[in-house]
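Chain by chain, the residues:
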Amino acid sequence: MDQKNAGLNISIFFCQQIDPNQDVNRRALERELGNRIRFFPLPCSGRIDSLHLMRALESGADKVYVITCPEGACHYREGNMRARKRVAYTQGLIEEIGLEGERLELIMAPAGLPVNIDELARDLLSSEATTGPSPVRGKTA
Amino acid sequence: MPAKYHIHTAQAANRFQLITRSGVIAWEEGCLKCPSCVKKACVYKVYEKRGIDSRQMLESLDSVCKDCFRCVQGCPKQLIQKGFNPSYKALGDHYWTPEIISGLWYQAEAGRIPVSGGGYGGAFSGPGFDAMWTDMSEIVRPTRDGIHGREYISTTTDIGRKLMALEFDETGALSVTPPPVVEIPLPLLLDMLPWSPPGMGIKLAILEGAKSLGTFAIIRQSDFTPAMKEYLSNIALYIDGQVSDIEPSVLSALRLIELPYSKEVIAAQNTLKITNSGLVTIIRMDLSPDSAEEVVRLTKEGAEAIHLVADEYGLEKSDRPLFIKERTRDIHLRLVEAGVRDQITLISGGGIAMAEHVAKQIICGSDLLSVDIPLLIAMECRVCRRCKEGIACPVELEGVDPVWGASRIRNLMAGWHNQLLEILGAMGIREVKRLRGEMGRAMFFEDLEKDIFATLGRRG
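Just so you know, the sequences run in chain order A and B. Quick note on our numbering: the first sequence kicks off at 31 and runs consecutively. Quick note on our numbering: the second sequence kicks off at 536 and runs consecutively.
If you're looking for bench data, these hints aren't it; they were derived computationally from the structure. Quick caveat: nothing in here was measured; it's all calculated off a predicted structure. Certain hints may be false.
[Said to hold, decoys possible] Think about it this way: if two alpha-carbon atoms lie no more than 20 Å apart in a straight line, the pair counts; the simulated SDA-like pairs of lysine to any residue are:
hint : chain 1 : residue 1 : chain 2 : residue 2
1    : B       : K923      : A       : G64
2    : B       : K584      : A       : S80
3    : B       : K746      : B       : K580
4    : B       : K580      : B       : Q608
5    : B       : K617      : B       : G586
6    : A       : K115      : B       : E563
7    : B       : K624      : A       : S80
8    : B       : K624      : A       : P50
[Stated by the list, open to error] Counterexamples of contact, computed for chain B against chain A with all Cβ distances above 10 Å:
hint : residue
9    : I674
10   : S757
11   : L850
12   : E861
13   : E981
All residues carry an ideal CB built from backbone N, CA and C; glycine is no exception.
For reference, chain A alone in the conformation it holds in the complex (with noise of 0.2 Å):
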């Protein structure tokens, strides 16, 4: 069964300089979905810490995705690079207390092509659900 029709709440950290228009973009699937899909938008992917991704899976993700821009593109240079260090660094850390580590996943967005986020998540949504509900859900405020 694909991650939209297993009932998955997922989040999605991305940088913004992949998709000008993402403000706009990722509506239709925020209509779709309600809460079950969040979206964080970020300046760089370099932004993104453990702390970021922790709290989203105690706040009710099943699957969190971080999008980066494509290797060599980084608006900071070295931000999609450091992203990938901290995604794997925080899959350890989640692995230690018990969950899978392929609850976070790291996708870098195509090379070379404008990117639309709405059809990029939908790509990813539309993925085998390799993972079912996360048991941190529902047992945090």
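Assemble chain B onto chain A, guided by the hints.
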């Protein structure tokens, strides 16, 4: 001399982190762990106070930062950068710009006039209200005398029809009954919102705000609930149903009522007057190219006040719309030409986004104005219009606390009131009523352009 009108302000903290113009991008990797880290040396304690709002994953970092760039310049590994925030650029639209929105947020939070400190760095002229400059010939003395109460400047405005002359009978007694007039201490009404998330909180905040300011909030008859009865003396009820559906006790307590424009509106006004003779009726109509003609006709037929409403961008209803200030000038001058300008109160609204728009619109001929979207912005609205599309409000406006909302509205209006006093002081005018229609005290870009360049195109 009556007591000076003063709006009491108090800091009303934001519920959500602000969307700031720039943001800190700091890499942790490669940190040398200097014993005297620039982050610890921050005079504003930006990094020490760092917190995260997990509702939006926005950090406190950016809203506390004052852009002094000490950390950016001081880090030996250059791991800290400051960059423009794309979310800021995406705020609002071409009219409700990020600068306007963030300026309104500041005023609603602090109740103070925003000061950039760096002088005006914007364009020489622009569309709409930016194509107009006010006379500042009296700026040679402290313009803040008005704000601080050292100079008495009145912002009181009357709503209602005025008599042009008093008439007396043979015994010397007054033979005419002066029509009712409602006096408000600042030339602003709080209008119905063009869009907003559902919920009573927003409406109650606006009503509470109107009450504490001493002005009126325009409320739809269909939105009126018994809980609003305590605000009756600050409600201008907009009739969107049958007048017969209004409780008689409510109708007799109202001081202002707004009627939608129709061909029979004067007859409807007269019927209302039978029930409550102290009532002032306002006729609400869309601003359009025919407005001037209609306003002159309604004035001659006995209208008391007319509320002309443009869209949220300040444009009239037309294929080739004029901006609100242009159309208001036209209406005002047509009324002057017909010799009836002083009989009627003109209220205008739509596209009023800044304090300077209030003064400029009054110069163009309005007696007072109605404010709508800025009231929502005062409550942290980001003008994303998601509510209009049925998407959840990112700042959860549907659950807003009316007391907090009212304090934000009061702060914003205090900021606008102070700026109005500043403009009046700088123009040497001590009464806002005297500012109305004072077009000779302003310059209009289009007029100047025509005056200077029109002759250059002539041949022979």
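Here is what the structure says about each hint:
1. K923/B x G64/A: holds (15 Å)
2. K584/B x S80/A: holds (18 Å)
3. K746/B x K580/B: Roughly 39 Å separates the two Cα atoms, so the pair is violated.
4. K580/B x Q608/B: Given that 20 Å is the threshold and the Cα spacing comes to 16 Å, the pair holds.
5. K617/B x G586/B: holds (18 Å)
6. K115/A x E563/B: holds (11 Å)
7. K624/B x S80/A: violated (27 Å)
8. K624/B x P50/A: Status holds; Cα separation ~10 Å.
9. I674: Holds, since 40 Å exceeds 10 Å.
10. S757: holds (26 Å)
11. L850: holds (22 Å)
12. E861: holds (31 Å)
13. E981: Its Cβ never comes within 10 Å of chain A, the nearest being 33 Å, so this holds.
Figure legend: structure checked against the earlier numbered hints; hints not met, in rising order: 3 and 7.
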